[in-house]
Each structure stands twice: as structure tokens, then as C-alpha cells.
Amino acid sequence: MNTRSYDIVIIGSGAGGGAVAQELSPLCRATGLRIAVLEKGPKLRDDEFTGGELEMSRAVYEDGGGFLTADGAMTLAFGSAYGGSTVVYTGTSLLPPARVIEHWNVPGLMHEEITRRAQKFIQQNNVHLLEDTLINENNKLFVEGCRKLGWRAEQFPVNVKGCRGSSLCNLGCPNQAKQGTNRVQLPRAEQNGVEVVTRCEVLRIEGKSVLARVTEKSADGKGEPSSWPPGDYRIQAKAIVLSAGAVHSPALLLRSGFERTLPRLGRGFTSHPAFILVAEHPRPITNFVGHPKSFYLDQFAESGGFILETCMYFPFVTAKSLAGFGAEHSSFLRAFPRLQMILVLACDHIDEHNHVSIDSAGRPVVHYRFTPEVAQALVRGAIASAKIFFAAGAARVHLPVASSPTLTAADASRLDDLAAACRFVPGKTAVSAAHLQGGCGMGRSARDSVTDSRGRVHGHPGLFVADASLFPNSVEINPYLTIMALADRVAETIREEWQALQ
Amino acid sequence: MAAPSPSPDPIVPVVRAFVCTVVPEADALNEERWSELRRLIDLALRDRPAALRHRFRLAFFFLQWLPLFRYARPFTALAPARRARFLSFLENNSLQTVRIGFFGLRTLALLGYYGQPQAAAEIGYAATARGWDALR
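Here the protein sequences come in this chain order: A and B. Those letters in the first sequence? Residues 1 to 502, by this note's numbering. Those letters in the second sequence? Residues 1 to 136, by this note's numbering.
Calculated directly from the structure, the hints in this document are not laboratory data. All values derive from a computational prediction rather than experimental measurement. Where a beta carbon is used, it is the ideal one built from N, C-alpha and C, also for glycine. Please note that a few of the clues may not be correct.
Derived, one-sided and incomplete: chain B residues facing chain A with beta-carbon distance under 8 Å [as the list claims (entries may be wrong)]:
no., residue
1, R106
2, L110
3, A127
If you want the ones that stay clear, here's a sample from chain A, every Cβ over 12 Å from chain B, calculated [what the hints assert, rightly or not]:
no., residue
4, M110
5, P263
6, T371
7, G459
Covered by chain A, according to a simulated footprint, are these stretches of chain B (three or more residues, beta-carbon under 8 Å) [claimed, not checked]:
no., stretch
8, 18-26
9, 43-53
10, 85-92
11, 111-121
12, 129-135
Make a model of the complete structure from these sequences and hints.
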């Protein structure tokens with residue numbers, strides 16, 4: 001067993017870990033603190049971001065993007081690379097609604113503070129609205145459809161710099177335009193002296209040390225080798241910050257035996273389950289050129305429990321998202337240049353069944369069932385999407401929750417009759433989720449939560465959480481800015497309490 | 001003396017019949033493309049837990065032999081229309097386990113076919129790093 005010693009170890013390098021690393025990094029320069037970020041995934045060279053669907057999925061996603069819930073009914077997509085999921089998101093940068101933070105009811109956590117802390121990252125990561133000339137027809141048709149229906153589509157602020165419109169955000173930007181932590185926070189932290197160790201999976205936390213395993217680069221894999229030789233390591237630290245995401249953070253604490261003192265560990269998992277819906281227009285449109293996710297519709301989040309977002313996926317993911325098989329299924333794929341896509345996200349809320357556990361080998365297992373509310377929200381969102389598609393001029397729409405999935409314009413007036421929650425069939429209807437939240441929720445005490453409002457794990461001084469697992473309930477929007485704001489708060493707490501932590 | 005050639009994997013014709021039912025265009029693939037399709041599927045399963053890989057093999061076994069009870073023939077011996085009817089039966093089954101098993105097999109078939117750059121090009125998908133510049 002190799003040994004290493006640091007003052008602070010941060011586990012994970014995504015929105016949470018990257019933000020904490022940056023915010024603590026001045027301490028390396030000012031006081032000589034030793035800080036390490038341990039990242040399970042690899043660091044890819046710029047020229048390795050090729051945009052190839054399967055090769056990039058294998059390189060930067062957990063399980064190649066095919067991580068399944070325990071019953072196999074939902075695919076969870078999350079990054080595993082230097083930069084975590086910020087490598088594979090679309091860079092959509094929203095602040096949480098005030099009502100959501102009020103509903104979280106975490107003592108001392110106010111909406112105003114999250115907004116204020118997020119401003120720093122909005123500046124750093126170049127968040128702005130894309131100019132109109134960079135908006136493709138896939139997005140414009142969404143806006144037009146909404147307008148004809150009297151709905152107000154909003155433009156996503158996005159964190160890109162020099163976007164060339166490759167549409168490949170979800171496979172890692174091949175032009176280094178997206179400003180994730182891999183482009184902004186981690187390089188800044190490293191400049192200040194933080195050490196980032198890739199291919200380093202943390203197996204357990206034992207008191208003030210972590211046990212980790214560094215793996216060799218596979219012969220056909222992408223990315224640089226780890227800066228540490230392959231092998232097992234015991235790493236001592238005065239403070240440990242867990243930023244491994246809503247699946248791995250709870251799983252790591254469970255593997256380490258923390259459930260004995262933290263009965264809520266792994267509970268409160270939410271994910272914004274989502275459909276990808278597809279429509280065919282009579283003519284080719286610009287869809288796989290341009291930023292894929294420029295607009296959204298959230299006016300039904302409260303009343304209908306769903307949000308709609310523009311999107312554009314790749315051939316395999318699109319094929320998987322369509323229901324059925326055979327000639328009809330193929331006919332949609334063969335119309336790819338004419339396809340418009342909308343992502344329907346359900347605003348799910350805590351359900352006692354939905355949680356993260358571990359299997360006998362210590363691997364994370366996510367238990368998730370679709371509540372009737374989620375099924376209804378997805379169906380309502382699907383119907384709204386179909387209305388937008390047809391209002392925008394689509395010739396036919398693929399609606400997996402309709403009695404027959406392929407609908408034509410003649411069906412537009414009776415969508416409410418054709419689609420029904422009873423046609424949402426887990427295991428048949430493709431559902432995926434990328435906004436994984438909860439599992440180490442904030443709250444008052446170990447009875448109702450895992451951490452306090454500043455990410456301190458109840459009853460374990462020196463152990464912090466700084467990622468989406470902190471969310472005590474769904475954030476109902478794309479989560480990365482909220483994660484960074486909370487991580488900023490955790491970093492501030494560590495700075496303020498550093499003397500006591502030593 | 002030449003080494004004996006390995007016995008062919010009995011799952012291969014089942015996979016082939018299944019893929020062609022899910023994606024009819026796969027029927028026109030040449031041997032090189034079939035071999036790439038199998039390579040992509042193998043690659044997707046390579047790093048997954050052994051239990052999952054075993055479940056997939058088992059699922060293909062059931063796919064091949066369950067039609068015996070319904071049509072008195074294995075899946076590979078069915079006419080295309082009957083294959084499709086049988087797959088619809090699995091896809092719409094009242095048992096979630098059966099539906100999810102079918103969904104998993106369907107996912108592998110779609111991955112093997114649409115994961116190939118040639119297939120992407122054939123359906124008109126042409127995203128590149130050049131983005132807007134590629135249009136101008």
C-alpha cells in the first residue's frame with residue numbers, strides 16, 4: 001500500500017469538486033497547504049475529443065453512458081472524466097427558482113445567497129445568451145411552435161466561448177468552447193498548486209484517510225495516464241470533501257459504513273426523468289449544426305410538473321429513444337436531416353423508494369420507480385411537445401405514449417385523447433436522466449439529513465459534501481450553477497474553520 | 001498440422017436474425033460491417049459486470065428458444081413477419097422483466113448498427129467539429 005499525505009483531499013472534479021478546488025487553491029500559495037483532487041476518470045487531450053458517438057461515450061461517461069437503475073427501466077447519464085459531468089453537459093446555466101429553495105427549507109440557506117454566489121461562476125465561465133445567428137432551426141422551430149400556442153419559450157444562457165456549433169456538447173466539446181470545470185476551475189486550481197490525480201478511484205473513507213486505487217490506462221483507451229503509478233493508496237487528509245456526484249458520493253459513504261450514524265444516507269434521490277421526443281419536418285432543417293440546447297419552456301413546471309428543452313442527439317441515442325423497431329422505427333432515423341427534437345423532463349420529488357444503495361461488491365445501485373405523478377408529468381410534457389412540433393409545421397411526430405407512436409398532422413387536434421399515462425410503460429418507453437440529485441441531503445440533523453446547510457457531514461468533523469447529492473429535493477432546473485454555488489459555500493466554510501480542522 | 005478452428009458461437013445467428021428484425025436495413029450489411037457490429041457490441045459489454053454479460057447471453061438463448069412454444073420453431077427459423085410479431089409480444093409483455101430484457105437486447109442491436117459511422121452517414125447525420133463552418 002502506497003501512502004500519501006495532504007491537508008485537504010477533494011473526491012471528484014465536476015461542478016462541485018472543481019469549484020471547491022478553485023476556491024481553496026489560494027491557500028496552497030498563501031499558506032503552503034497541500035490539496036489533492038482525486039478523479040476516477042481520465043484527462044483527455046484536446047485532440048482526443050473527436051465527437052464520435054460511441055468512442056466518446058466510452059471515454060467520458062460512467063459505463064459508457066449506459067448506467068442503469070436497479071430494475072433497468074431508466075438510463076442514468078453522468079460523466080467520468082477530468083471535469084466530471086461538466087465535460088458532457090450542454091453548458092445551460094440557470095439559477096434555481098426562489099420557490100424551490102424556499103421549499104427545500106434548509107436552515108440558513110437562502111435563494112439570494114445561491115444567486116449571489118453563482119454570479120462569480122457566471123462571470124468566470126462566460127455565461128451569456130448566444131447571438132441569433134448561431135441559433136439553428138431545431139431551436140427556432142421550438143420557439144415558433146411555442147409562440148403559435150401562446151407559450152413563452154426562454155433562451156438558455158450558456159457557458160461557451162468561441163462556440164463553432166458542432167452540436168457535440170454531450171460528447172465533450174471538440175473545440176474546447178464549453179467552459180466546464182475542465183476548462184476553467186481545475187486549471188486555475190492547478191496553477192495555484194492543487195494536484196489533480198486522474199484514474200484514481202476512492203474505495204473507502206476510513207477516519208481521516210481515504211483508500212484509493214489508481215488504474216493503468218488501457219491499451220485502447222483515451223486520456224493521459226495518471227500522474228501516480230498504478231496501485232493502491234492510503235491518503236491521509238485533515239479535511240475530506242466528497243464531490244463524486246449523486247450516485248458515487250452516497251455509495252462511497254455507504255461502502256465506508258457511514259449508514260450506521262446517518263440513516264438518511266442514499267435517500268432523497270431525484271433525477272428529472274426525461275423523454276427524447278422526435279418529429280419529422282417536410283424539409284431538411286439545421287439540427288446537427290449549432291448549439292443543441294438553446295431554448296426551454298418552464299411555464300408548466302409548477303402546474304404540470306414538466307419542463308421542455310430543445311435538444312439534438314446522436315444516431316444511436318436517438319434510435320434508442322424511439323419506441324418500437326422495424327421499418328417504422330427506421331423511417332424516423334432515415335429522416336435525420338429533417339428531425340426536430342424536444343426533451344421532456346419531469347420535476348420528480350422525493351419518494352421513499354428512490355435511493356442509492358450498494359451491491360455486495362460495493363458498487364452503487366440506484367433504485368428508482370416512476371411515481372404516478374412522474375408518469376403523468378411525462379405524458380403531459382409529451383403532449384405539449386407534440387403540440388409544439390405540429391404548430392411548428394412537423395409532418396409527423398413520434399410519441400411513445402400514444403396508442404400508436406407515429407402521429408400525423410391530422411392527429412394534432414386530438415392529442416389529449418391519443419396519449420395517456422397508462423401508455424407510459426416502464427421497460428418499453430425509453431427514459432433517461434442526467435440531473436442526478438440527492439442522497440446526501442442537507443438538513444437539520446442526522447435524523448432528517450446527511451449534512452448540515454454548509455455541507456458538513458453530521459457527526460464527522462472534517463468530512464464535507466459538495467455536489468448535487470446535497471440537494472434535499474429536486475432543483476427543477478439544470479443543476480450545475482446551484483452545485484457550484486453550494487460548493488462555494490462549502491469551500492468558504494472550510495477556509496473559515498481551517499484552524500479548528502487541523 | 002493446422003489447428004482446429006474454434007466452433008462457431010451459437011449465439012451469432014440469433015444476434016443476426018434479431019438485429020435484422022430490429023433494423024431491417026441490417027440485412028444488407030456486408031461481412032465487414034457485421035463484424036464491426038459484433039465488435040461494437042462486445043466492446044459495450046466488455047467492461048460491464050460479468051453477471052450482466054451472462055444475462056445478455058441468457059436473454060439471447062431465451063429469444064431463440066421461446067418461440068418454440070408459440071410457433072414450434074426457434075427464432076432463427078421464423079419468417080420475418082413472425083419474428084417481428086414475437087418481438088412485439090416481448091416488447092409489450094405484461095411482465096416488466098421481459099420488457100426490460102427485450103429493451104436491453106434492442107439497445108445492443110441499435111448500438112451495433114447506428115454506432116457505426118457508416119450507418120450515421122447513411123441516415124444523413126453529418127455532425128463535425130467544424131459546425132457552422134461545414135455549411136458555408
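Outcome of the hint check:
Because the closest C-beta pair between R106 of chain B and chain A is about 6 Å apart, less than 8 Å, the hint holds. A distance limit of 8 Å between C-beta atoms decides the matter here; for L110 of chain B the minimum to chain A is near 4 Å, and the interface restraint holds. Nearest Cβ of chain A to the Cβ of A127 of chain B: about 4 Å, under the 8 Å cut. The hint holds. Listed as outside the interface, M110 of chain A is consistent with that label: its C-beta sits roughly 40 Å from the nearest C-beta of chain B, beyond the 12 Å cut-off.
Against chain B, the non-interface label of P263 of chain A holds: every CB pair exceeds 12 Å, the least being about 28 Å. The beta carbon of T371 of chain A sits about 16 Å from the closest Cβ of chain B, which is more than 12 Å, so the claim that it is off the interface holds. Every CB of chain B is more than 12 Å from the CB of G459 of chain A (nearest about 33 Å), matching its label as outside the interface. With a threshold of 8 Å between beta carbons, the proposed coverage of the stretch 18-26 of chain B by chain A holds, since 5 of its residues qualify and at least three are required.
Evaluation of the coverage hint for the stretch 43-53 of chain B: fulfilled, as 5 residues show C-beta separations to chain A shorter than 8 Å, against a requirement of three. Requiring three or more residues with a Cβ within less than 8 Å of a Cβ of chain A, the coverage given for the stretch 85-92 of chain B holds, as 3 such residues are present. For the stretch 111-121 of chain B, the stated coverage by chain A holds: 7 residues have a C-beta nearer than 8 Å to a C-beta of that chain, and at least 3 were required. Against chain A, the stretch 129-135 of chain B contributes 7 residues with a C-beta closer than 8 Å to a partner C-beta. That satisfies the three-residue criterion, and the hint holds.
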